[in-house]
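There are 2 protein chains.
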Amino acid sequence: MADGQRARARARRGRPGYDLESVLAVAVAVFNERGYDGTSMEDLSLRLGIAKSSIYHHVDSKEQLLSLALDRALDGLFSVAQRVAARDEPAINRLEYLVRESVVVLADRLPYVTLLLRARGNTATERHALDRRRQFDHIVADLVKEAERDGDIRPDIDPAAAARILFGMVNSVSEWYRPGGRSADHELASAVCAIAFEGLRVRRAGVSGDSQAL
Amino acid sequence: MADGQRARARARRGRPGYDLESVLAVAVAVFNERGYDGTSMEDLSLRLGIAKSSIYHHVDSKEQLLSLALDRALDGLFSVAQRVAARDEPAINRLEYLVRESVVVLADRLPYVTLLLRARGNTATERHALDRRRQFDHIVADLVKEAERDGDIRPDIDPAAAARILFGMVNSVSEWYRPGGRSADHELASAVCAIAFEGLRVRRAGVSGDSQAL
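Protein sequence lines correspond, in order, to chains A and B. Take my numbering: the last position of the first sequence gets the number 498, and nothing is skipped along the way. Take my numbering: the last position of the second sequence gets the number 498, and nothing is skipped along the way.
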């Protein structure tokens, strides 16, 4: 990337320039609106209001923008997985920590995670990202199995289905959540964990959850 | 879809093999693979192995196929909502019934519901479907609020967030579930309800009646 050239171009245009971070943010927004396949470098150039050559100062290709964006989401999730692995507590608690922190990552990096969740494997970059996503899913599935062996997860649900329902629940947040800052993100994460681990229904003393005290 | 319409289409078709139902099933599969916008009648004709004019025996346009497909999903969900409204039981139980039966509809009409969940409002037909989907979401949100007024839903979660998490959980099933017949569909619906309403975590004696004898 040629900083001197960029600075000259900026000076010439007389407008504030875009660093890689802002180019990436705009690219991801457009990819999410139109789909990656439906977006050209021309579209990005129009949206950014800069020449295509200015985008190529930052990246070699549209696919490199995709790759950077998907990594942004995946690196966040894997950093959670690493922190989970370092915790010395029962699997059920590590699983809850993983769910909670994954919701926080999703809320914090929403456009990037949205793009990841829509990736269908149409390019080598998408396929690589889907591989990493599967690795992450395995970590979740293994934790669920471990928690079930510990007797901490209800035995009437298949662990593989439980893992998928759990992460389906986390991922679906991307469909409706509008970021409202760090405290709102943590409130959301708590709500997801409360429903997933304790259930929505109020428990009454001495009765099981599904009998009603009427 | 109206049975009369189907019968007329069947009578009209000039060759064995494809009635409107099969054309629709193939169209929905292709829409889900490539996106509705990325699919032409030519693509459908190639996939079906019949001339475009044979598709036009059944429908007037690609958008009519989309409309029929989205109605297939929405009619299933609204039929559940009607059955729910007719039940004389506490809101929390009606809500659980709604979730359970929505999972069954989703599993049973998976490609149609998948198409609905991906609709982004790019056409008048999609916008109409999104309107109906919002009506359905309101029914869910109202039930959650009613259950909260009854004191049957944990008060520490915002009812609007609870409704969205709940239906996010249901909808996300479309991302991974592969239909395995009626009994597998009902098992899935039970797993979703167990997690959503009772929680994944085993309850031990003294915490609630759900406890496990360990």
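Just so you know, the hints here were simulated from the structure itself, not pulled from any lab data. Be aware that one or more of the hints could be misleading.
Copies of the same chain look alike in the list, so a pair counts if it fits in one copy or across any two.
Said to hold, decoys possible - Straight-line Cα separation of at most 25 Å, SDA-like style, residue types lysine to any residue; simulated pairs:
no., residue 1, residue 2
1, LYS429, ASP469
2, LYS429, TYR461
3, LYS346, GLY322
4, LYS429, ARG488
5, LYS346, GLU482
6, LYS346, LEU332
Q. Is it within a copy, between copies, both, or neither that the alpha carbon of LYS346 lies no farther than 25 Å from that of LEU332?
A. within (14 Å within a copy, 34 Å between copies)
Q) Within a copy, between copies, both or neither: where do LYS429 and TYR461 come within 25 Å Cα-Cα? A) between (29 Å within a copy, 19 Å between copies)
Q. For the identical chains here, do LYS429 and ASP469 meet the 25 Å Cα criterion within one copy, between copies, both, or neither?
A. Result: close only across copies, 22 Å inter versus 28 Å intra.
Q) Checking LYS429 and ARG488: alpha-carbon separation at most 25 Å within a copy, between copies, both or neither? A) Between copies only: 19 Å across, 29 Å inside.
Q: Evaluate LYS346 and GLY322 at a C-alpha cut-off of 25 Å and name the case that applies: within, between, both or neither.
A: both (11 Å within a copy, 20 Å between copies)
Q: Can you give me the call for LYS346 and GLU482, within, between, both or neither, at a CA distance of at most 25 Å?
A: neither (44 Å within a copy, 46 Å between copies)
Hint compliance for this structure: hint 5 alone is broken.
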